[in-house]
Amino acid sequence: MGMSEGTIVGWAVAEGTLVERDQPLVSIETEKVTTELPAPSRGYVHMTAKVGDVLAVEKSMGQIADTEDEYRSLVAGGASPSAARFASEPEKGRVVADSEVITRATCGRIRASGLAKVIARQNQLDLTPVVGTGPGGRIVRRDVMEALASRTHVVAEVPQTANAGTMREKARIPLTGMRKVIAERMLTAKTTAAHTYAFFEADVGKLLAARQTMLAREEELGTRVSLLAFQVRAVAVACRHVPICNSTLSNDVITVWDNVNVGIAVALPGKGEYDSGLVVPVLRNAQAKGILEIDQEIKELVGRARKGELSAADMADGTITLSSTGGFAPGAWAVSTPLLNLPQVVNFQPGSPIEKPVAVDGQMVLRSMLPCGLSFDHRAVDGAPIGRFANKLIDLLSNPELMLL
Amino acid sequence: MTNEREISLTEAIREAIVEEMQRDESVYMLGICIQAGTFPHTKGLCDQFGSRRVVDTPLAEPGIVGCAMGSAQEGLRPIVDFMYSGFSYFAGSEVFLQASQYHFMHGSQLPLPMVMMGTCGVGRRVANEHATLPYGALIHHPAIKVCMPSTPKDAKGLMKAAIRDNNPVFFLWHINTMMLKGMVPDEDYIIPLGVADVKRQGTDVTVLASGLQVQNALKVAEQLKDEISIEVVDPRSFEPFDCETLLRSIEKTSRLVIVDEDWERAGFAAEVSAQIMEKGYDLLDAPVKRVCHPNMPIPGGYIDAYTLPTPERIEAAVREICR
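Heads up: the protein sequence lines correspond to chains A and B, in order.
Note that the first sequence covers residues 1 to 405 in our numbering.
Note that the second sequence covers residues 406 to 728 in our numbering.
Don't read these hints as lab results, they were simulated from the structure.
Possibly wrong hints are sitting among the right ones.
What the hints assert, rightly or not - With a straight-line cut-off of 27 angstroms between C-alpha atoms, the simulated DSS-like cross-links for lysine-lysine are:
#: 1; chain 1: B; residue 1: K558; chain 2: B; residue 2: K586
#: 2; chain 1: B; residue 1: K448; chain 2: B; residue 2: K624
#: 3; chain 1: B; residue 1: K694; chain 2: A; residue 2: K117
#: 4; chain 1: B; residue 1: K558; chain 2: B; residue 2: K624
#: 5; chain 1: B; residue 1: K624; chain 2: B; residue 2: K586
#: 6; chain 1: B; residue 1: K657; chain 2: B; residue 2: K694
#: 7; chain 1: B; residue 1: K624; chain 2: B; residue 2: K604
#: 8; chain 1: A; residue 1: K117; chain 2: B; residue 2: K684
#: 9; chain 1: A; residue 1: K117; chain 2: B; residue 2: K657
Could you build the full structure based on these sequences and the hints that come with them?
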């Protein structure tokens, strides 16, 4: 009692940890003692104060989110309407001292009148730090008006008032159109499928040589055959060997497809300078097409994608997706973990081939290696078939003549 | 040219009935002790219109309402006078179910133009059916219109609207407003059912009140005018209910106190507060507050003073919601 501030000596857990109620959370040093505070509730910890920070009593040092989603939005700096905040009254070793904070901690949400919420929303005001002065600590209109009046800057006035050290806004990209679709699909994929990943590499020396042979006949073929065409072909052949990878999972049914319709992720420029876009047109019946035909079709699809001429039908009925980062991946051994294109269960992600030392017959030699990533939905496919699928891809990419079979 | 005189609320009701009976021969009254003019609104009616159009009945409410319904079906426009509206409960089936739903039950083919009227209100140290306010129970039943004036001017206009309506309308008035004086035009005018009236403009809190409680709310508004600006809204009719006017008021004040002399549970105040929660949630800066009769029998006697919504209780609610 009588203390006015405390210093954070150490966090007992890492940022983002899922803590149980009463689990030791943070150590605080006061004028007299050092006390360990337990977590006031179960959830994911987001720290807003760091070790060494000196905080006044009842200032927030972090938030506990009920769910992972909520935690992500907290970290992203978004509104956090339902995150419990915690503050301290260290001498009792208990959390909170004041009815307002208790209300928040126990209810796990911000209490504000409907009108206060509307005004806050209209003015893009985050209510988290606003202290309610209404009955029971409710945030009412006057609290929002006061917070707005004392706000250091209004978004619209950023260019005039911003100074060093504050956040300065450069662009604002509304979540509409393609951006919105991407956001929704990605979130659904991430929160629905049991994403699991496998990484491997293939020695693509022979494949690159085969491609050179074709490039030398560019005029005759009428196209510069792309590496991507080989990869699509490899996926189609590999699916014939491990059919479960060419399937979709929806409504509690896994449907294994006979033909291989390969979705090809195509990066697009966004609407503005800072935006980007993504579409996935589908190359149908890849299992029945040769490399030349695949190559021509890819070029036709990508061309139309870039002109914005794809129809919904062009993007429908994919059974597996190929998300090559070959065009933009760093010139190093790099793969990523693409999200699945639901309801498909496999996404193959080849990177850029790099020359690197590998051991061959006890000798260290330089080889062109293609780093690859596979994302799969573990609800539908297990590790063993994915292992076979990866091995088949390695075999096909390393020995392109097998694709002739 | 319009001429306004100061008359009482019951005189205004009487004036409406007289004008309508003169205007339309199918209008007639039936009820208990109306030939003798026990209540001032029926005084002299029998002398003026004769006993064929001002009919005394036995104390048998189901029969009175049944008779009125039958005559309405035959083209007359009866006004049933219960004296105390609580007596209408004796004719519960006829009022709540038969008369109210007659039009709908007959494929919207047959109108049933009839008025039922009676006084109500706590505070005369009488209890039960002499005091109960039936509008909450009435509006629970679809298709019956219910209104209650808070001023003599509204009384005349609402009564005329009720008589001219082709549906059953229950016209109530608070017993403690009977002698309330106010300016009333001597001309023919109606106040439509379903149009609320802002009785006093304000900016801090809306008080919705009916009948006598409008007068109480206005008193509080006047007393607190230097501290809290109170807007007083009188719905005038409970069904149809003019929610729009109330929402417009709350848009300005962002707070609502509902004063309802009826029981709190499942009453008009409860209904309005639910509607405002549904339609006006984003307008509210505080939960809706009700000032009602507690959920206990109307005690009668001296204890009435402790259960009634009074100016003091309204003031307390206003102060609390404006904290």
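Checked hints:
Distance hint between K558 of chain B and K586 of chain B is fulfilled; the C-alpha atoms sit about 9 angstroms from each other, no more than 27 angstroms. Between K448 of chain B and K624 of chain B the alpha-carbon distance is near 31 angstroms, which puts this suggested pair outside the 27 angstroms criterion. At roughly 20 angstroms between alpha-carbon atoms, K694 of chain B and K117 of chain A fall within 27 angstroms of each other, so this suggested pair holds. Between K558 of chain B and K624 of chain B the CA atoms are separated by roughly 19 angstroms; this keeps the pair inside 27 angstroms, and the hint holds.
For the suggested pair K624 of chain B and K586 of chain B, the alpha carbons sit about 15 angstroms apart, so the restraint of at most 27 angstroms is met. Proximity of K657 of chain B to K694 of chain B is assessed by CA-CA distance (about 17 angstroms); at most 27 angstroms being required, the pair is judged to hold. Restraint check: the Cα-Cα separation between K624 of chain B and K604 of chain B comes to about 12 angstroms, which is no more than 27 angstroms; the hinted pair holds. Distance hint between K117 of chain A and K684 of chain B is fulfilled; the C-alpha atoms sit about 16 angstroms from each other, no more than 27 angstroms.
Our distance criterion of 27 angstroms between C-alpha atoms is met by K117 of chain A and K657 of chain B, whose separation comes to about 17 angstroms.
Comparing the model with each numbered hint stated earlier shows that hint 2 is the single one that does not hold.
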